[in-house]
Amino acid sequence: MGSVWRLLPLIMLTGVLPWSVIADEPIFPRARGERCVEPVGVMRRAHFEFLNHQGQQTVERGIRIGRHSLAGCVGCHAARDQNADWVPVSAPGQFCDSCHSYAAVRIDCFSCHRAVPEADRAMGN
Amino acid sequence: MAAGDTSTLPRRELLGRASALAGLVVSFAPGMRLIDLAAAKPDGEAASAEVRWGMLVDTTRCVSGCDACVNACATEHGLEMTDRPEIDAQWIRKVDLIDEDSGKEISLPVMCQHCEDAPCVAVCPTGASFRREDGIVLVNQHTCIGCRYCMMACPYKARSFIHINLTGQRTHSPRGKGTVESCTFCVHRVDRDREPACVEACTAAGHQALLFGDLSDNEGELAQRLGEVQTQQLRSDLGTNPGVHYHGL
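Chains A and B, in that order, give the protein sequences. Start counting the first sequence at 24; every next residue gets the next number (my numbering). Start counting the second sequence at -9; every next residue gets the next number (my numbering).
It should be emphasised that the hints constitute simulated quantities derived from the structure, not laboratory data. Don't take every hint at face value.
As the list claims (entries may be wrong) - Just some of the chain B residues that point at chain A, by a computed CB distance under 8 Å:
(1) Gly34
(2) Glu90
(3) Gln131
Unchecked claim - What follows is a set of in silico ranges between Cβ atoms, one per label pair, in the way DEER data are often shown:
(4) A:Met66 x B:Asn208: 45 to 51 Å
(5) B:Lys94 x A:Arg55: 55 to 61 Å
(6) B:Asp107 x A:Ser124: 28 to 34 Å
(7) B:Glu211 x A:Gly64: 29 to 35 Å
(8) B:Ile135 x A:Gly56: 34 to 40 Å
(9) B:Glu211 x A:Tyr125: 53 to 59 Å
(10) A:Val60 x B:Asp227: 50 to 56 Å
(11) B:Glu211 x A:Gln105: 33 to 39 Å
(12) A:Val60 x B:Pro32: 16 to 22 Å
(13) B:Ala112 x A:Ala69: 32 to 38 Å
(14) B:His197 x A:Arg67: 49 to 55 Å
(15) B:Pro32 x A:Gln105: 38 to 44 Å
(16) A:Arg53 x B:Gly158: 21 to 27 Å
Computed from a prediction, not measured in an experiment: that's the story for all the values here. Each residue gets a CB set at the ideal place from its N, CA and C atoms; glycine is no exception.
From just these sequences and the hints, can you work out the full model?
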């Protein structure tokens, strides 16, 4: 919070406390795809509803199309380490973990689901 | 589901052509058909009660000592064996039987029998153990609490419990500690018009002891074959009406 004092004149002028000053925003590796299947704001708020809905459709009814698959998320958001090995999206500092640690919400997906892409992506999930 | 004479055409393409043709013949208007086509469902459609997936195990072709189906299952679903065999997952196992009177020996695979009246579904307190519209019995591991009533109820000992934390699961086959699991008839393949991995492996091994298909499709290879040979369901006295039938028991 020390930087708040340095920015004090700016804050007094604008009346706005920059978000990044209040707390460090989660930082995570860039996604590989061109764009997300939904606008970022929608995803931030509703990603679990999408995942939950599509998961139910898949498990209970066998509907395997739809763009809200967990495998899809992992496919774009998993990063590689310096040895070019995949890093799980749930590993510290990675896509899922960075926000979930920040928000203190435990993720339970990856105790069962694969957290890195698989060569045979055609099967989907 | 066997390729037969049509092996030069991918099955999906063949079905696509066949259904397009049939659609021309019997349709009045878009979406209206006189006869429902006995084709596998497109990816985007829900599993339908028009279909009942089943299997015929021909024990006269099954070879003692061959475990191609078991290995294929393990590879397909990422079932890794540990140094504690008592906790290893068994979705499909090979059983050798000897008739003490005649000395006749038979070998057969036993997996989830995908019962119509499934005891595992009846006892599940959360509804996690369920039967899909098309007859495939599954565990929804999102709602499974790991109580294992289904394992006690199953007359075929077809289910396994995951005792340890797992890593390296396959994308299409999520599995995790504290839940029950069993043969899914490779539902991820079936939904995409492919055979279960065990069936594919048995055919590839040259035995052709496993035939997968739609029990409700009277014209289909499975139903035809069931009409030709004498078959039995395991523990048919229990009235569970399994989807898996055995020949030569």
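Evaluation of the provided hints:
1. Gly34: Check passed: Cβ of Gly34 of chain B comes within 4 Å of chain A, closer than 8 Å.
2. Glu90: 44 Å, violated
3. Gln131: Nearest chain A Cβ about 6 Å off; hint holds.
4. A:Met66 x B:Asn208: 45 to 51 Å: For Met66 of chain A and Asn208 of chain B the Cβ distance comes to about 48 Å; the hint holds.
5. B:Lys94 x A:Arg55: 55 to 61 Å: 59 Å, holds
6. B:Asp107 x A:Ser124: 28 to 34 Å: With Cβ atoms ~47 Å apart, the hint is violated.
7. B:Glu211 x A:Gly64: 29 to 35 Å: At 52 Å between Cβs, range violated.
8. B:Ile135 x A:Gly56: 34 to 40 Å: 36 Å, holds
9. B:Glu211 x A:Tyr125: 53 to 59 Å: 56 Å, holds
10. A:Val60 x B:Asp227: 50 to 56 Å: Holds: the Cβ-Cβ distance is about 51 Å, inside 50 to 56 Å.
11. B:Glu211 x A:Gln105: 33 to 39 Å: 53 Å, violated
12. A:Val60 x B:Pro32: 16 to 22 Å: For Pro32 of chain B against Val60 of chain A, whose Cβ atoms are near 21 Å apart, the range 16 to 22 Å holds.
13. B:Ala112 x A:Ala69: 32 to 38 Å: 36 Å Cβ-Cβ, so the 32 to 38 Å window holds.
14. B:His197 x A:Arg67: 49 to 55 Å: Given about 53 Å between the Cβ atoms, the range holds.
15. B:Pro32 x A:Gln105: 38 to 44 Å: 43 Å, holds
16. A:Arg53 x B:Gly158: 21 to 27 Å: Taking Cβ atoms as reference, Arg53 of chain A and Gly158 of chain B lie about 25 Å apart, which means the hint holds.
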